[in-house]
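Novice: In order, the protein sequences belong to chains A and B. Residue numbers for the first sequence follow our numbering, so the first one is 15 and each next one is one higher. Residue numbers for the second sequence follow our numbering, so the first one is 15 and each next one is one higher.
These are calculated hints, taken from the structure and not from any lab test. A few of these clues could be false.
[To be verified] Listed below are the simulated BS3-like cross-link pairs for lysine-lysine, each with C-alpha atoms no more than 27 Å apart in a straight line:
| no. | chain 1 | residue 1 | chain 2 | residue 2 |
| --- | --- | --- | --- | --- |
| 1 | B | LYS113 | A | LYS113 |
| 2 | B | LYS149 | B | LYS168 |
| 3 | A | LYS113 | A | LYS96 |
| 4 | A | LYS168 | B | LYS96 |
| 5 | A | LYS89 | B | LYS168 |
| 6 | A | LYS96 | B | LYS168 |
| 7 | B | LYS149 | A | LYS168 |
| 8 | A | LYS113 | B | LYS168 |
| 9 | B | LYS89 | A | LYS168 |
| 10 | B | LYS149 | B | LYS96 |
Protein chains: 2
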Amino acid sequence: MQKDISEAVVRRLPRYYRYLSDLLDEGVERISSGDLSDIMKVTASQIRQDLNNFGGFGQQGYGYNVRYLHEEIGKILGVDRKHSIIVIGAGDMGQALAKYTNFERLGFFIIALFDIDPELIGGDVRGLPIYDISKLPEFVRGHNVDIAVMTVPKGSAEDIAEMLTSLNIHAILNFAHLDLDLPDDVVVENVHLSDSLMRLSYHSLINRESLDGKE
Amino acid sequence: MQKDISEAVVRRLPRYYRYLSDLLDEGVERISSGDLSDIMKVTASQIRQDLNNFGGFGQQGYGYNVRYLHEEIGKILGVDRKHSIIVIGAGDMGQALAKYTNFERLGFFIIALFDIDPELIGGDVRGLPIYDISKLPEFVRGHNVDIAVMTVPKGSAEDIAEMLTSLNIHAILNFAHLDLDLPDDVVVENVHLSDSLMRLSYHSLINRESLDGKE
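Whole structure, please, built from the sequences with the hints as guidance.
Specialist: What follows is the structure, encoded as structure tokens:
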């Protein structure tokens, strides 16, 4: 069933899951596509189309059952399971991620970090071990690793990504400032913070110009 | 001129800028849309369409002048200027960002951090001061702040974002796990790491299923 869901819908699912979590926290049990549309700023027809992928959630004039929808989307996204994550690059960003325990509430558990820096290797972050990157193959053979997070310098990112792929890790969260060129069955989510800053910079320039124009 | 560039093109510009920077580093002076298409995995016609927005960069049969294009896109994105950034939330993520000096190479300078934690306030990260959040209005009046980065818990994110908006900060990089509801002239770039992890989780499940199916 899952394989029929389009990539565009998959990209939107985490956002649905997030809003449904918030509704549950607020004690909301049912919601119409219209109300969901208002809070999510997506058209009601888009919502109906997206959620129809899972069949039988909505009832005409009755709305969606929030808990059920939350649970089903959670299952599809796999947040009802435990996912083991390794972090490659135990610098400031890698350590900050390892300290962020909120990921665990969604089933994402960082189990180890890897680095090349002798001063970091052998140490730990919040009790999570930092290993020498050379131990990565051995570690992956001995543990079930679902996702790798890469917080490494641009220059070493391609080699690391190829190593991960050869170790059969097919899901990568990439913070390095480049696009990884990997086989089609490897899914990469990029966090390109510099790109985001440049977009903000563009808009703040435009904004400054229009303010100047007003004066 | 800038105002005619569509949002979709603007979203893609940082990626062009990144590839052009790499080409410059490699000493490449000219590149055809076809070659750029190969390395960027975007169709050549998309590239020509995007870059035509700036006029006169490409010459038939001659290719783009990499340095010129890099410089022009850099100007449009504003990376030829200095941008002052404040970080709201001086926890692990905020501190990791403040320590990441590569942003400065693109003109993005973090000038201060803000927090509510008495143990952090008065301290510093890499020499950058951490102030009490209550000092934010005074600070913004005395400094030219272009961009605010929010690394705060979900619960306080909306109040902080409203405060920033009221202080005339119109560009926000948001790490809090919610969508901010702000006026149209405020541009927000979201870094929703949990959403990214959920997408990876979905794909790793699919992958696991198809591997199971093969066995």
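Novice: All hints, please: hold or fail.
Specialist: Verification of the hints:
1. B/LYS113 - A/LYS113: holds (16 Å)
2. B/LYS149 - B/LYS168: Holds, because 21 Å separates the two Cα atoms, which is no more than 27 Å.
3. A/LYS113 - A/LYS96: holds (18 Å)
4. A/LYS168 - B/LYS96: holds (23 Å)
5. A/LYS89 - B/LYS168: holds (24 Å)
6. A/LYS96 - B/LYS168: holds (23 Å)
7. B/LYS149 - A/LYS168: Violated, because 37 Å separates the two Cα atoms, which is more than 27 Å.
8. A/LYS113 - B/LYS168: Within the cut-off at roughly 17 Å; holds.
9. B/LYS89 - A/LYS168: holds (24 Å)
10. B/LYS149 - B/LYS96: holds (23 Å)
Of the numbered hints stated above, the single one contradicted by the structure is hint 7.
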